[in-house]
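Input sequences plus hints: build the corresponding full structure.
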Amino acid sequence: MSNVNRTVPAEPARPVDITGGGEEEAVSTKPVSGEDGRPLQSKYVTDKLAPPITDLEGAFGVFHRIRQRLRAAVHGRDDVIDLIIIAVLADGHVLLEDFPGSGKTTLAKALGDCIIDDKPDDNIVTIRRIQFTPDLLPSDVTGTTVFDPNTNRFFFRPGPIFAHVVLADEINRTSPKVQSALLEAMAEKQVTVDNRTRQLDPFFLVIATQNPLDLAGTFPLPNAQLDRFLFKIRMTHIAPQAEYEILKNFRTLKASADRDDLPRVTRTEILDARTVVANQIFVDDKVHQALVSIGQRTRNDERILQGASTRALVLSVPALQARAMTQRRNYVSSDDIDALCDKIFSHRLEFAPGADEPAKVVKELCGQELERLAKGSLQRG
Amino acid sequence: MRGPKRVGDSKLRWLRHPLRVLALTAAAMCLAWPLATGAGVVSAGVGAALGVIVGELLGQSRLRAPVVFGLLAVGFAVTGFLGHMSTHSELVPGMVGPAMALKVGTVLRFGCFAFFPLALVRAAAARRPTVAALELAFVVASLTFLFAAHRGGVIARPLWLSDWAWRHELDPANVLMVIGAAAFLLLAAIMWAETGKRVSALTALALPALAALLISLFNLKNLPKPKDENELGLTSAGHGEPPNPTPPWSGASGGNNGQDGGPPTDGGGNDGGDGGESADAADGGDGGGEGADASDADGGGSGQGADASDADGGGSSQSTDASDDGGGGTPPPQPPNVEDPQQSEDQKQAPMAVVILGDDYDPPAQAFYLRQEAWSQFAGARLVATTRGDADRDVPAEYPTRGVPVQDAPPEAGRKVVRARVVMLVEHKRPFALETPRAMAPMKNPNPQRFVRAYRFEALSQVADYPTLVGKKSGNPEWSPEVRDYYLRPPEDPRFAELAKKIVSGLPEPKRKDPFIAAVAVKKWMDKNLIYSTKHRHAGVNDPTADFLFGDKTGYCVHFAHSAVFLWRSLGIPARIGTGYMVNAEAREGSTVLVRAGDAHAWPELYLEGLGWVVLDIAAERNIDPPPKPVNKEEEKKLGQMAREEPTDPLENPSGDQILQKRRDPSRVLLYALVALGALLGAFYLVKGWRRLAPRFASRRAMPRVGYRAALDVLSEAGFTRETGETRERFARRVARVAPAFEELTAMHMAAYLGDPSVPIAERGEFARAAWKKGLGDLKKQVGRAPKSLPLFLCWLNPVSFITSR
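In the order they appear, the protein sequences are chains A and B.
Residue numbers for the first sequence follow our numbering, so the first one is 1023 and each next one is one higher.
Residue numbers for the second sequence follow our numbering, so the first one is 8 and each next one is one higher.
These aren't lab readings, by the way, just hints derived from the structure by calculation.
Watch out, some of these pointers could steer you wrong.
With a cut-off of at most 25 Å between alpha-carbon atoms, the simulated DSS-like pairs for lysine-lysine come out as follows [as the list claims (entries may be wrong)]:
| no. | chain 1 | residue 1 | chain 2 | residue 2 |
| --- | --- | --- | --- | --- |
| 1 | B | 780 | A | 1397 |
| 2 | B | 787 | A | 1397 |
| 3 | B | 560 | B | 531 |
| 4 | A | 1211 | A | 1199 |
| 5 | A | 1382 | A | 1308 |
| 6 | B | 520 | B | 509 |
Here's what the structure looks like:
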């Protein structure tokens, strides 16, 4: 499985003429299908657009459907599932710090599985997994131009990064060159190969993982790259009860992973939901001020060498909005900050040696600000 | 991810172990106390503490119940056998000696009886919590056992407690209430802890504060204060009806036996009891006090039997004085000193008050008559204090709280202004003053540790010699006919009039008409023919005066005074009895006059026009009583010095409230503290009440804020408070298990706070008053129904809950 996903798509992508018509994006006009007539990119492809999502109820429906499917596939990870869906809806990437065999792939696969590609002709599949190793090359990620002796032409063969959901496994095992190839893709949603820039889909999500313990021979991610991840989620082993249930129902669980009775969501619906969340969730000035104050606190604290960047604060707003939506609220509340602050901030800060656990310091800094917010709510005016 | 905090967890829950050990140790010691010596009590306490600890450990161990019980039973048998053997076999005494063996036996037996049963119960309770009720029952039973003597509301019981309280100048009623409150709190705390009820520490603190406030309120308002003759023994609790130094007569102060002339012994019993206390109080609380107090309680309960122990009390307190001056006594000077027959020699020596004369005064009667009360109203066979508003107004009935003139002051002719100060060592019901006072004023207590009260008076005292009184008319022309008749009301017995006529008939014709000469004739006749003795009480007869005068002619001051007044009245001379103290003129030391309990006296007075009431005491020539001890001049001097000192305590405010005056310093500070506490509590409750009621009056705009505040207060009372840094939503989720309605309220509150303000308030549901009203009602119901919370009314008691609600 990992071999297949490592560098090339499971099935050969359709060749694209790289010299043709100045068309930057590799877009095919015909429905994509293999020899047997099945769609190439995904099992679930549709040309029909679902009715547009225009309100928070619809957005919550999207959230709810994704959550239902993920929960059915992955047990004991409800908190991580919620965070990943928030990242999806906030247009952010996720770094999972986790041990091998803790369900990352299952999670990512389930996420890819619940998305219906309703733009099947753009050569972008729903999910790809890249296993990062020290000898990986950037072109293994982004794709490369290949000479076709039949036509005497070079054509671009897209890398696994051309997917809606990219699972970048053990991202710190590869060389900085490959890591930086991800950089552009994550920040700009575009890939430049052979000096030609190709757009990725607006729905582009990287779920990267790294092993927190086994650091020998790794290239730790630079801060600049860490800053591009919306969340760093430190996963722990699941509760014994959930583990016990997994063992007990292993077979049925596996079978139910691609259940068709639970509804899926289309790519457009997710994009619509993103818009709705950004536009319709109200962010009070007090919340903005609290975020700024939190930023200030991280910069003034002695235990922190490098405080939170402005980008961190900017990225946090859509995340807070998405989280508010998942709680069926139409405004961002202090509870959202409380729930997300350590996931948003702790990987972006550079801590002085000997400082406490990062999450603890961040919680403490945010706690002071949250207390002020909470106290303000009982004040007149 | 941290698991959500368990809602039912109480912060105080760990307290249940030390509390339980404490309570059961105390209970075991209470039970052992009356039964064992010191070693036994300590052994019972240690055994109980160890038993509880071991029982808890055994209960939590994995041993099966029969094994645990078997172990304990075997241990019980073995230890009990060892204890038995240590005294009943010859082995142990032979080895360590009999005294040690007895001790070992006691320790083993009490320790074993405390340790094993408690360990057994504890082990069972650790597995089945309901068994803990047995432990509580044990605590309650031992406490009840200890205070069993208190049953029926007898405040002075148990004696060991009231003795201790008296000695430390505390009110046993207060001590008992404090003990009761403490026991209640301890038991409540244990019960809360055992059942795992949530209770905030502040609630636990508020309860004793409230209890203290209640106790002090009771004291201030005198609500439980019994009547003078009440058997509860509260009488002497510092509210001071206490020592009644008036001469002995049945119901001297209450007049309860007026009609039938009731048995003076009973009254004497009461008086004696009071006297015992006065000795104690004057004594300042050395060993003598205990006996006297104990006997006071007895006297209150049974009426008799006080005498003997009174004598004991007085005896130990004053014995040194008595032996110092023993045998040096001089015969009693004129006029006769009529003692209270109930008092022992030592009792009579007890100092009651000190009078400091400000002006030199030499009384023509060779004695200072300090009048406290006047008896003029004829009531069957005897005279009692007047009930008329227009008679005897020259005798002040109450202590002055400011300088006041006395009504019906006597005319100045034949009298001299005498200013004096009175410092009391024993609380008296009424003030007394040298006859006849013109004005009285309060004074600073020169030494609150020693004296209970001080005041000044200004008297117009008689200086005119008795011979100059001849020729004066009797009575006051300003009197109304009713008042004159009142003072002339003779007894019904015709023998008095006959005797009076017979006495006067010996006088020459012109002199017979002169009231004073006639009065003196009667006096002379009585001096000659009557015999003074305190032994002859004429008890149990209908008319003690007639029994005295026409019977054995032997009696004491009260009989003399009644006889004289009745005879004078029969002759048409207005007369009454004055009661109080009489101190011989020689007994004074410089300007200091020491008043002792034995100086209590009753004397006849007659009214002469232009002079007022004149004391004309009877001095029987024949006195079959032993002569009284002379005044201890040294003590008199010392007390006089102390009485002259300037007050050192600035708090002492003689014009202030009488209650404050009676209180000693520590208790006054306590009183202020309690008043301050009360004010503080009141303010807290006001704030609390307002915050709770505010949602009813809040506008739509303010509703989310005010309503949420009220909701937080409700939760805070039940022990739920948001922690610092905890968001409101997270707090709501924590509480949701108990109060789901709170989550909705929190959502509404936060929506109002952080929601989009551009939407008009009228369209926003979170501002709806009805929703808030319903939510708050649901919340109260849910919190009240919560399985592990106190009843709401107890929650409400916490005055500071709103401070912790954030």
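- request: Decide if the proposed pair is consistent with the structure: residue 1382 of chain A and residue 1308 of chain A, CA atoms, cutoff 25 Å inclusive.
  value: holds (24 Å)
- request: Could you grab the alpha-carbon distance between residue 1211 of chain A and residue 1199 of chain A and see if it respects the 25 Å cut-off?
  value: holds (18 Å)
message: Check the hint pairing residue 780 of chain B with residue 1397 of chain A against an upper bound of 25 Å on the C-alpha distance.
response: holds (23 Å)
query: When you check the alpha-carbon spacing of residue 787 of chain B and residue 1397 of chain A, does it fall within 25 Å?
result: Distance of about 23 Å is within 25 Å: holds.
message: What's the verdict on residue 560 of chain B and residue 531 of chain B, does the C-alpha distance respect the 25 Å limit or exceed it?
response: holds (15 Å)
message: Would the hint linking residue 520 of chain B and residue 509 of chain B be met if the CA-CA limit is 25 Å?
response: holds (14 Å)
Comparing the model with each earlier hint shows no violations; every hint is respected.
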